[in-house]
Amino acid sequence: MALAVTTTRLSESRPLLALAPERPDTVAWLCDGDGFVAWGNAVTLDPGEPDQRFLDADGLFRAATQDATITDEVGVPGGGLIAFGSFTFAAVAGSKLRIPQVIVGRRNGVTWQTVITTGHDLACDPPLAAGVTRPVPAHHQPRFAGSTNPDVHWLDAVAQARAAIRSGALDKVVLARDYAVWSYEPFSPLAIAERLSATFPQCYTFIFDGLVGATPELLLRVAGDTVTSQVLAGTCARDANEARDTALTQALLASQKDRDEHAFAVASVADVLALHSNDLNVPNTPYVLKLANVQHLATTITGTLRQPIRALSLAGQMHPSAAVGGTPRENALAFIATHEGMQRGRYAAPIGYVTPDGDGEFGIALRCAEVSGARARLFAGVGIVAESLPEAELAETHLKLLAMQRALGSI
Amino acid sequence: MRVGENMSSSTPPKGTGNAELQRAVSANDDAVYDLPALAALVGTTPTLLEALERSGLLLANQHDATGTALYSDADAAAVRAGLTLLDAGLPLTELLTIAQHTDEAIQLIAKHAVDAFIAFVRDPVHGTATSPTEAIGRLVTAYEQMLPATETLVAHHLRRRLISEALERLTADES
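Note that the protein sequences, when read in sequence, are chains V and R.
Numbering-wise (this note's numbering), the first sequence opens with residue 1 and increments by one.
Numbering-wise (this note's numbering), the second sequence opens with residue 1 and increments by one.
Here chain V stands alone, though its shape is the one from the complex:
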């Protein structure tokens, strides 16, 4: 079953999300208007062994693509064959890579279309024709359906985490909550993604098998011999008043609690990347990334790879970083498994795309929802350090959840 892949230039200026048909297998990966929308199922790869899910997925991807015939008349990075995927946070089933049948990509003003056939697949939808728009979904107010772990219990988990940190068993741990909603009409992942990409243009907006979100956190980008990671940890609110907003920014930069939380996350990424790069650039001081709803302490780490390493292999080594797990990693993961009181599924785990030559881009699926018909499960997590106040952390999850509630139309 050799894949035949053809990439052609497309004369198209509409936003990519406006080109995708609404299908269960519609995929998106977008930042600042560039990226991909894709649909159809040429090959779906399901890594068997959860413990080895990143390496298994990469092995399957290599096997599926080794005989592919690729005709690429555009020749931009991301043209030709790519696979999209999302992975589970923990070593459980649910990770997947998919090579779609149709990909529409855009980069620096160049738009292209890639069609992938296996020789015996059904014809797939073309991009929406000019002038054609998807039906606007009926608006029903989404309603609260509950949380897996009631927030009073979650508050106790935070207190226990703080006690474990003060006793020296942990330095930092990330605790997450979910928030389920329902509606009378099915949710539209594309409509949600459109709202997210309008509100958070600097974030990576994604859709993959019902997981919809917009994340500011880039786990890694491998492009040739260059590796990049953007670490975010340490968060505060925004304020509509400019002076008060600046005061919040200054307070965030001056907060030892947030700086500590951030430093743990940076170290966990830099430690792994240092194994593969001699010239890793890790800035000493974070900058502040201002998004529509919150502001984060951010650090961009870049380096040159000593030897080629495939994006999925590196993602498997970096995940879960202290920005979503904690420090020390194993203790934090054990604490999460025992105290968080829910399954994270694909939340807080890598989502992105890979190319056959091993390049790729993976974000961490934060600020997202698992959408299934008329139900959706929203997530938010916060980093707990010794100085954390349980009710303040609860309020921060509340703040983070608001963005997805807005994207789903409930506020």
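A hint or two may mislead.
[What the hints assert, rightly or not] Pulled a few chain R residues facing chain V out of the computed Cβ check, cut under 7 Å:
no. : residue
1   : 48
2   : 51
3   : 93
[Unchecked claim] To list a few chain V residues with every Cβ distance to chain R over 10 Å, as calculated:
no. : residue
4   : 22
5   : 32
6   : 158
7   : 159
8   : 171
9   : 201
10  : 239
11  : 244
12  : 256
13  : 270
14  : 292
[Unchecked claim] Some chain R residues close to chain V (C-beta under 8 Å, calculated; not the full set):
no. : residue
15  : 55
16  : 59
17  : 66
18  : 68
19  : 80
20  : 89
FYI, nobody ran anything at the bench for these hints, they're computed from the structure.
Glycine included, each C-beta is placed from N, C-alpha and C at the ideal position.
Based on these hints, arrange chain R on the given structure of chain V.
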């Protein structure tokens, strides 16, 4: 010597009867539980109560010699009521928001009610009582009648407001 006892004038000086009134004000509750004891009594963890204490929603009127806040059976009943709302499914963040709004509104009402007591009960009593002892007796009696009456009024009105708001919302949902 009791305050004001040496005064021959029929108008007592400022502050007369305050000590007795203070005793009456703080005697209505027997606060014996510290925070961990209160948590154990109502069957929750100290974490939740500490959060409520920090946000000013759990208000201790009494403290022991070391300054530790002490809570009463009435506080326990209020915490149990809060837990009932949480058990019914209200998220804690929502309960805290409602509680903070309540606290703001109630502070205004409480301030106004105390002002009214001073202006229209205490001052007239002081102005008309024939002896300090009579003034104190009348004030304590008035306070003891007015506190539960005010409580009943506010609680009743909240109940009426809740019901009318709920009915209005349910009717709107149907249409």
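So, going through the hints one by one against the coordinates:
| no. | hint | result |
| --- | --- | --- |
| 1 | 48 | 6 Å, holds |
| 2 | 51 | 4 Å, holds |
| 3 | 93 | 5 Å, holds |
| 4 | 22 | 29 Å, holds |
| 5 | 32 | 33 Å, holds |
| 6 | 158 | 8 Å, violated |
| 7 | 159 | 4 Å, violated |
| 8 | 171 | 21 Å, holds |
| 9 | 201 | 29 Å, holds |
| 10 | 239 | 19 Å, holds |
| 11 | 244 | 20 Å, holds |
| 12 | 256 | 20 Å, holds |
| 13 | 270 | 34 Å, holds |
| 14 | 292 | 21 Å, holds |
| 15 | 55 | 6 Å, holds |
| 16 | 59 | 16 Å, violated |
| 17 | 66 | 23 Å, violated |
| 18 | 68 | 19 Å, violated |
| 19 | 80 | 14 Å, violated |
| 20 | 89 | 7 Å, holds |
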